[in-house]
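J.: Make a model of the complete structure from these sequences and hints.
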Amino acid sequence: MGSMPFVNAVVTKGTRSAFIGTAINFLRRNNFDGLDICWQYPTSRGSTDVDKERFSLLLKVM
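The opening position of the sequence shown corresponds to residue 1 in UniProt numbering, with each subsequent residue numbered one higher.
Just so you know, the hints here were simulated from the structure itself, not pulled from any lab data.
Idealized CB from N, CA, C, for every residue including glycine.
Careful: at least some of the hints might be erroneous.
Stated by the list, open to error - What follows is a list of derived Cβ distance ranges for each label pair: (1) 28 <-> 48: 25 to 35 angstroms; (2) 53 <-> 18: 13 to 23 angstroms; (3) 43 <-> 12: 15 to 25 angstroms.
T.: Structure (structure tokens):
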């Protein structure tokens, strides 16, 4: 599995927005009060430095 699910979620502004929207809907629908995003580590296991930057953008927007 590696980093690919995260890489796919952060690759563009559109995929980041889709991930954020889906996550927020899921949290609200299930009455959750938070989200634990654990990508260990954004520059290894099939991802690059660019993916780390994109992951940071995702978290900033979220």
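J.: Indicate, hint by hint, whether the structure satisfies it.
T.: Each hint, compared with the structure:
The given range of 25 to 35 angstroms is respected by residue 28 and residue 48, whose C-beta atoms sit roughly 33 angstroms from each other. Range check, residue 53 to residue 18: about 19 angstroms between beta-carbon atoms, so the 13 to 23 angstroms window is met. Under the hint 15 to 25 angstroms, the C-beta atoms of residue 43 and residue 12, about 19 angstroms apart, fit the expected range.
Hint violations for this structure: none, all hints satisfied.
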